[in-house]
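I would like the entire structure built from these sequences, with the hints used as guidance.
Residue numbers (full-length UniProt numbering), protein chains in the order written: chain A, 1 to 288; chain B, 1 to 288; chain C, 1 to 288; chain D, 1 to 288.
Please note that the accuracy of each hint is not assured.
The list cannot tell twin chains apart, which means a pair is met if one copy fits it or any two copies do.
[Said to hold, decoys possible] Below are the DMTMM-like pairs computed for lysine to aspartate or glutamate, each with C-alpha atoms no more than 20 Å apart in a straight line:
| id | residue 1 | residue 2 |
| --- | --- | --- |
| 1 | LYS100 | ASP130 |
| 2 | LYS118 | ASP275 |
| 3 | LYS118 | ASP249 |
| 4 | LYS84 | ASP59 |
Source of the hints: derived by calculation from the structure; they are not laboratory data.
4 protein chains.
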Amino acid sequence: MTAAQRPRYTLTLSCPDQVGIVAAVSSFTASFNGWIVEAAQHADSETGLFFMRQEIYVDSVPFGINELRKRFTPIAEQFGMIWKIRDPDVPHRVVLMCSKQDHCITDLLHRWSTGDLKFHLCGVISNHNDLRSLTEYYGAPYHHVPVDPKNKTPAFTRVESLCEEMDAETVVLARYMQIMPPHLCEKYDGRMINIHHSFLPAFIGAKPYHQAFERGVKLIGATCHYVTPDLDAGPIIEQDVARVTHAQDPAEMVRRGQDVERLVLTHGLRMHLEDRVLRYGNKTVVFA
Amino acid sequence: MTAAQRPRYTLTLSCPDQVGIVAAVSSFTASFNGWIVEAAQHADSETGLFFMRQEIYVDSVPFGINELRKRFTPIAEQFGMIWKIRDPDVPHRVVLMCSKQDHCITDLLHRWSTGDLKFHLCGVISNHNDLRSLTEYYGAPYHHVPVDPKNKTPAFTRVESLCEEMDAETVVLARYMQIMPPHLCEKYDGRMINIHHSFLPAFIGAKPYHQAFERGVKLIGATCHYVTPDLDAGPIIEQDVARVTHAQDPAEMVRRGQDVERLVLTHGLRMHLEDRVLRYGNKTVVFA
Amino acid sequence: MTAAQRPRYTLTLSCPDQVGIVAAVSSFTASFNGWIVEAAQHADSETGLFFMRQEIYVDSVPFGINELRKRFTPIAEQFGMIWKIRDPDVPHRVVLMCSKQDHCITDLLHRWSTGDLKFHLCGVISNHNDLRSLTEYYGAPYHHVPVDPKNKTPAFTRVESLCEEMDAETVVLARYMQIMPPHLCEKYDGRMINIHHSFLPAFIGAKPYHQAFERGVKLIGATCHYVTPDLDAGPIIEQDVARVTHAQDPAEMVRRGQDVERLVLTHGLRMHLEDRVLRYGNKTVVFA
Amino acid sequence: MTAAQRPRYTLTLSCPDQVGIVAAVSSFTASFNGWIVEAAQHADSETGLFFMRQEIYVDSVPFGINELRKRFTPIAEQFGMIWKIRDPDVPHRVVLMCSKQDHCITDLLHRWSTGDLKFHLCGVISNHNDLRSLTEYYGAPYHHVPVDPKNKTPAFTRVESLCEEMDAETVVLARYMQIMPPHLCEKYDGRMINIHHSFLPAFIGAKPYHQAFERGVKLIGATCHYVTPDLDAGPIIEQDVARVTHAQDPAEMVRRGQDVERLVLTHGLRMHLEDRVLRYGNKTVVFA
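Here it is in structure tokens:
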């Protein structure tokens with residue numbers, strides 16, 4: 001078993017910054033000889049918030065996760081922490097949503113199947129039937145929920161039910177080409193991840209590559225972000241760009257941009273699944 | 001003498017696209033055994049325009065530049081070309097403008113002094129006196145033109161006179177922190193180059209790094225563009241980005257961004273000086 | 001039909017550089033009103049060779065490809081050209097080879113199935129059976145040719161027969177973990193493409209990520225190249241890198257490197273399939 | 001005063017990994033209400049070594065640096081640490097060395113003069129006189145130490161004396177085109193920084209851009225590393241690359257590479273000056 005394969009508890013926390021947080025948390029871990037294999041922290045001078053993340057080898061903790069959480073609670077209360085300890089035996093439950101474009105979903109299904117991305121795949125929901133065979137090849141359930149453009153409510157009611165039935169912890173919009181209703185954005189606040197095909201905040205909304213072509217930019221981009229009721233304005237997790245020239249028309253920009261979209265969504269989701277993303281206000285701390 | 005040092009005429013042209021342009025231009029050059037050392041072309045399907053650039057060894061042309069231009073005129077007229085043949089013996093006449101920040105101007109003066117960027121430096125104009133000693137170390141004239149925030153007209157009248165006296169062909173705003181009046185933008189249309197410290201069209205206007213920090217982007221950028229009366233909306237020549245994380249506050253973003261600004265301005269100016277940038281509408285063809 | 005979808009002949013040529021080549025080729029095309037939609041050229045000052053590539057709209061040529069080739073022959077002979085005109089109706093015939101790792105082959109099969117990469121997939125050859133189901137999901141034939149480490153000759157004889165039976169024009173080693181025998185390298189000279197998981201010429205041979213880890217490099221890379229009998233020393237088509245730090249162990253480098261490998265192989269293959277790669281000596285011209 | 005301007009002690013340490021290090025160090029800091037503004041750690045699974053770096057606000061420590069060091073000593077001894085606490089009032093003493101090429105030294109002098117790079121510039125040593133005027137413009141002493149190719153010993157004896165007289169803590173070879181004698185490499189072990197103009201370990205030794213051109217690589221690079229008696233084989237601090245194509249001859253590669261060299265050297269030196277680089281064996285931990 002390599003170091004990477006050795007199971008770890010992941011502790012994440014945020015609280016108002018003050019002296020002694022690191023000492024308190026580290027002494028807590030040291031008190032039972034817990035082995036901290038990875039650690040990161042950040043103090044945000046603007047908000048006065050402190051953020052921390054630790055990975056602790058499970059086999060260095062002489063009791064179970066419930067006891068670990070119980071023992072940590074007084075420290076958390078002392079400093080007013082928002083905190084979480086993830087049990088590696090309980091993987092994220094993820095629902096993927098897509099429309100007709102397959103470049104993102106193909107990548108996610110492949111990485112899920114090989115274990116490159118570690119999560120429990122509850123199923124795929126789509127407003128089209130195009131990606132059923134691919135999904136089923138990988139052995140995941142596929143739910144076709146058509147959206148009636150004149151009355152979208154029934155579709156989103158069905159989406160919500162499906163997410164509930166599947167007990168989704170995280171919802172990934174892998175080029176799902178429908179705008180989520182506000183109440184779903186709020187319900188999955190900080191747990192619904194979208195890939196937008198531009199370098200936000202440039203080119204919000206529809207057809208960003210065409211907007212980019214019109215503006216004559218020399219780089220195109222993609223942005224992975226948490227979904228909020230404000231269209232394409234949620235907290236950014238990851239962004240990247242690719243170079244274009246006058247020689248690329250919008251169709252070619254789309255093609256090149258898809259490679260960026262895939263990598264940005266995959267990376268953003270990986271950070272989220274590994275509890276490396278701590279959201280605050282409309283921003284994120286990403287302990288990459 | 002290396003190939004790079006061997007002098008070249010640079011022919012640039014644009015015209016409505018039709019069959020036979022390349023053949024006509026190439027046959028013209030071949031008719032006097034002219035040696036085309038570099039060539040590039042682009043057809044824009046949106047506008048139906050055709051763009052072309054050729055470098056021809058001067059010593060392969062058996063007559064002078066006036067005769068070359070005269071002989072090319074009928075072809076240009078036949079196809080309705082906007083065209084130019086640059087004489088390598090007549091370098092661009094450039095005026096640099098700056099305020100207090102020195103990262104861009106230091107780079108430009110250094111590259112000018114070593115011949116890395118080839119142009120005739122007419123002089124430096126600044127609304128402050130801070131960069132006089134640096135400019136004079138490099139042996140260039142420095143003109144201090146303070147701008148009265150309550151009445152900017154006299155300053156810009158003086159800037160215009162100076163540019164005329166110095167016979168400026170190209171004006172480079174190397175972090176000149178004043179908005180150019182519309183009539184100067186129009187006078188130097190396609191010849192006034194600005195570096196904006198964001199990835200346009202994101203974060204137009206003042207304090208873009210602070211805007212970027214507020215939005216929580218994961219990449220910061222810089223854009224080199226031709227100045228038009230529309231603030232930060234002119235044709236883009238070059239853009240690039242640098243990665244940032246939650247750990248960088250606006251001051252650190254400024255510091256990191258300056259390295260991008262320098263490279264982007266230098267590259268954009270290089271493309272312009274080598275007649276590699278062909279402007280059309282609000283866009284550019286850059287034959288890099 | 002968009003411009004990108006409109007079929008094109010692709011003319012590629014190389015010959016000793018001299019005055020008049022571009023004029024002769026362009027006049028040829030203009031003589032029958034052929035529409036050159038894309039063109040690029042390069043003169044190599046070291047070898048004195050000239051390289052050219054043109055795309056011509058098929059529907060602008062008033063005769064068939066045989067006549068086109070026939071008419072071009074005298075020009076080709078005059079200048080001593082090595083040349084080719086590709087018929088868009090006759091796609092490249094490609095054989096993919098792989099072992100157990102699936103990241104490259106998954107990407108290629110997906111892009112082939114969507115038409116992102118345009119070629120005729122003859123089949124997949126592997127020394128293992130692991131990737132059969134994936135290949136067959138995409139509807140391509142899978143040939144399992146185990147390699148006996150003590151006597152590899154029968155396996156490679158079988159590989160050669162299969163390639164012949166399938167009439168392979170191009171062979172892609174998509175992480176095929178066997179060294180090709182010299183006679184096969186020579187038989188598919190300039191048509192056998194490999195992805196090597198390092199930034200060549202650094203870290204030739206086995207376990208390059210482990211070599212990179214040992215050396216403590218801060219970037220890892222991948223190289224797409226034509227296979228020659230000299231291990232990992234053939235003409236390079238494409239390279240790229242990804243950033244690593246002290247925090248990545250070899251296993252994590254492998255994981256991150258796979259994303260680079262995929263993109264580099266896909267891009268290199270795309271360039272090859274579009275006849276954008278012209279090989280000379282141990283180098284390539286890539287008209288990207 | 002911004003957070004970035006508020007003075008900080010920098011504590012760096014390495015020791016064999018064991019449980020309780022972080023707790024011990026953090027409790028130590030917490031015991032006097034020290035404010036840890038930045039912290040990073042790394043456990044190297046290969047060597048079993050643990051590395052740590054903390055920045056502590058000076059004004060949060062109720063005693064001076066001597067007392068701080070004295071109080072920390074027992075902890076350091078307990079865990080067998082190699083450690084250092086840097087006093088922000090005592091900047092690094094740096095000697096720059098160069099030959100004729102000015103692109104790196106110009107950048108370093110500029111960044112030193114603006115405070116972008118914070119260090120005490122003891123002086124510049126060169127085997128040529130070319131960069132005297134630039135150095136003196138920036139107000140630094142310039143020492144011309146010509147190297148006799150037939151007998152280099154006197155020159156390096158003089159270099160050594162100068163470095164001693166100037167009490168150099170760090171020596172930066174900013175394109176100094178002489179190979180350092182082994183005893184100087186050892187004397188300044190971990191404190192002599194070189195910029196090599198290739199992506200090491202590719203293209204060790206002379207004329208790496210020409211080697212790169214011959215090999216036909218598609219990326220050129222630069223490497224900042226600590227100097228060891230083994231030529232171009234010391235611990236790497238930073239690397240980066242730039243894209244090239246067939247169109248760039250060696251001279252153009254040199255020009256493009258210089259921009260990479262500058263940024264890589266500047267970044268590597270910045271990491272070193274901020275005590276972010278911890279060397280172990282032939283590798284580095286860089287807490288960027």
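State the violated hints by number, sorted upward, taking the hints as numbered earlier in the document. Of the numbered hints, all hold.
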